[in-house]
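There are 2 protein chains.
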Amino acid sequence: MKDFFKVTDLEKVLEYSSLFPVVETELVLLENTPGRILAEKIIADIDLPGFSRSTMDGYAVRASSTFGASEENPAYLNVVGSIAMGESPSFSVEQGETARISTGGMLPNGTDSVVMIEHTEIIDEKTIEAYKSTAPGQNVIEKGEDFTEGNVVLHAGQKIRPQETGLLAAFGKEKIRVFKKPVIGIISTGDEVVPVSQTPHPGKIRDINTYSLSGQVIEAGGIPLAFGIIKDDYKNLLERCREALLDSDMVLISGGSSVGTRDFTIEVLSALPDSEIIVHGISISPGKPTILSRSEKKPLWGLPGHVVSAMIVFSAVVKPFIEKMSGYSPAQKSRFTLSARLSRNVSSAQGRTDYIRVRLTEKEGILWAEPILGKSGLINTMIKADGLIEIGKNVEGLERGTEVRVSLL
Amino acid sequence: MKDFFKVTDLEKVLEYSSLFPVVETELVLLENTPGRILAEKIIADIDLPGFSRSTMDGYAVRASSTFGASEENPAYLNVVGSIAMGESPSFSVEQGETARISTGGMLPNGTDSVVMIEHTEIIDEKTIEAYKSTAPGQNVIEKGEDFTEGNVVLHAGQKIRPQETGLLAAFGKEKIRVFKKPVIGIISTGDEVVPVSQTPHPGKIRDINTYSLSGQVIEAGGIPLAFGIIKDDYKNLLERCREALLDSDMVLISGGSSVGTRDFTIEVLSALPDSEIIVHGISISPGKPTILSRSEKKPLWGLPGHVVSAMIVFSAVVKPFIEKMSGYSPAQKSRFTLSARLSRNVSSAQGRTDYIRVRLTEKEGILWAEPILGKSGLINTMIKADGLIEIGKNVEGLERGTEVRVSLL
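First to last, the protein sequences are chains A and B. Numbering (the working numbering) for the first sequence: 1 to 409. Numbering (the working numbering) for the second sequence: 1 to 409.
It should be emphasised that the hints constitute simulated quantities derived from the structure, not laboratory data. One thing to keep in mind: the hints can contain errors.
Under the rule of at most 25 Å between Cα atoms (straight-line distance), these lysine-lysine pairs were calculated in the PhoX-like manner [as the list claims (entries may be wrong)]:
id : chain 1 : residue 1 : chain 2 : residue 2
1  : A       : 143       : B       : 231
2  : B       : 159       : A       : 363
3  : B       : 41        : A       : 384
4  : B       : 363       : A       : 159
In isolation and in its complexed conformation, chain A is listed as follows (with noise of 0.2 Å):
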């Protein structure tokens, strides 16, 4: 039994996500885009805004006839005409004179600036005072000043967050090509396992991974797929695989990967079309024996059956994956992640690449990171963690005050 896989650096494992190919793309209705991955690049075909417009409720006018204007010696101005919101003005705007303008109307012809109607008084029903005097371009967002038409303004890969499907809101983009959500297949493994809906004998647990997963499956971007529960059977969890591959753009397999049942997962994954098993092992811990394989271009994960090694192989590896294949730019990726000081030493083995739970608190103004330590078929360890942090596998423990990055969990 001393006969161990050899492991893979976690590094290795990650490039070879550039094996599988990215899905495929479709459209969809603009008030659908919040969160999708753009597929396409986004070209200013318009310039942003379209007319010159005043940011401020006021009086339009040319920057020099206010030159000079002050409390003691303001600017008279002959009122030429008032601009209506969402027109465009028939008249234009000489020296010496102005016209009425609301936040958002069109500069008429001859203007370049607004004055604040707080910095004006009503002489007469043609004439007002203007107490301080205007720059070219104050209070005035100018044609194309936020885009300029034939510019690159989204790129492929990029997430769509609200501003973005403003954004494609003003270009008029009522349909986005956006990448698909890849299907993830998930089948849990195990004779011990039983559905949530039995009350489980002494013996048997009720199935975790599948629900664990999915709600992970759907924070990645993907779209997970349940295909329930098989006994640890090596003709049944092969059939359930050819299904899960029909439907999936990546199965996961929970379970398959203790030493019960490793052989024969590593079998069935052995005898899927065009197969290929790329990695049995993994140096990280929890997740050691994490298997992943590739049939007709599709991966497929042996993942631990402890919940947190589950879990914690899921956001270490898998999301990545489901990343890559949601064509998810990588210079977009969650670059930022909480920094936090430890609260106290944590060692690890030098060799791998450990994940830890941590707990964030927040004294005095910094945030600590306090390990949770716990066996990793505990799920109350996952509850009680707000992040998880990673220690290289070349550092062989971490100290108290050591500053560390968390990704939330």
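Fit chain B to the supplied structure of chain A, relying on the hints for placement.
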């Protein structure tokens, strides 16, 4: 025109969120819980696990049988059986005896620990050598070690993450009571605003706010419901507000707070049944001319028309209201924000809370927040921004290098 509205402090505005009732609850299927807000307390109705389980492949023993065992001086153990996964063992294990067990298997009576298979050698069909001693509880998860029957395991108001969904599965909860997602009606106003499907004539712009606000509502856990564009017209706005109130838990009116339309927006909000204007101006920038009113226990917001101002007011003020109405427990709220160093000096007026858009960049492991200054009508500033920083009302400005908290956008 100097008759300015009296602004309310941000803190005071946020307190008004308690004026509005929390939404009702609903039962959802387990698989639909991720991301929802739990509306019931979950109590462990069984021990988890329900039996002592092995965390390793190996041999179940009474620890005392392995006392003093080493490579030089192994313990000889009598193999009296093998535990099938998912079964309750029908036999007991006595002193000097052992039974084969796999990860997740149920410990037989008489055992308290497991010798890892790597620390054993098979001598014959009935005998093994153990090279290491075990302590009671070693390589075992004991009955009730994860959660003990009768204890509260989850609280109402918690956001359900993948691990909480997994825990609900472990307790056999097929349907879970969660808070409904509040429905947020969205109305765009302004004579200059045209639907996304139209090519705007000079003086007009496409409706951006409906889409950027909808995206923010989704991120805040609500359901956006768009009620289209209303011209600056008292009657139409009143009618549309009535409709929106019927189908929504909250209504957002964007563009209704500038001087041009403010007066009749206030009139409309006052004319709604059982209504009250609660806030007319908030001491924040951008976003000062925001209105909050109440009609029949539902909040209505008059948001600025400028896309950036509307988004920032949403993020700073409206979102906390949505979370409160969603039953989301304040203690659980996005407590953790990124910390970064300001890349240059930023000035700020005293007496108001300023929100500054920032771009995040990392240099030699240090995260820098680079202020993006720009007019609040320019959506490009939000596209470039990774987050917002808040400058408190009693702060005159921040110096380069100051540690700031960044809420990601």
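Structure-based check of all given hints:
1. A:143 with B:231: holds (23 Å)
2. B:159 with A:363: Holds, at about 23 Å.
3. B:41 with A:384: holds (16 Å)
4. B:363 with A:159: holds (23 Å)
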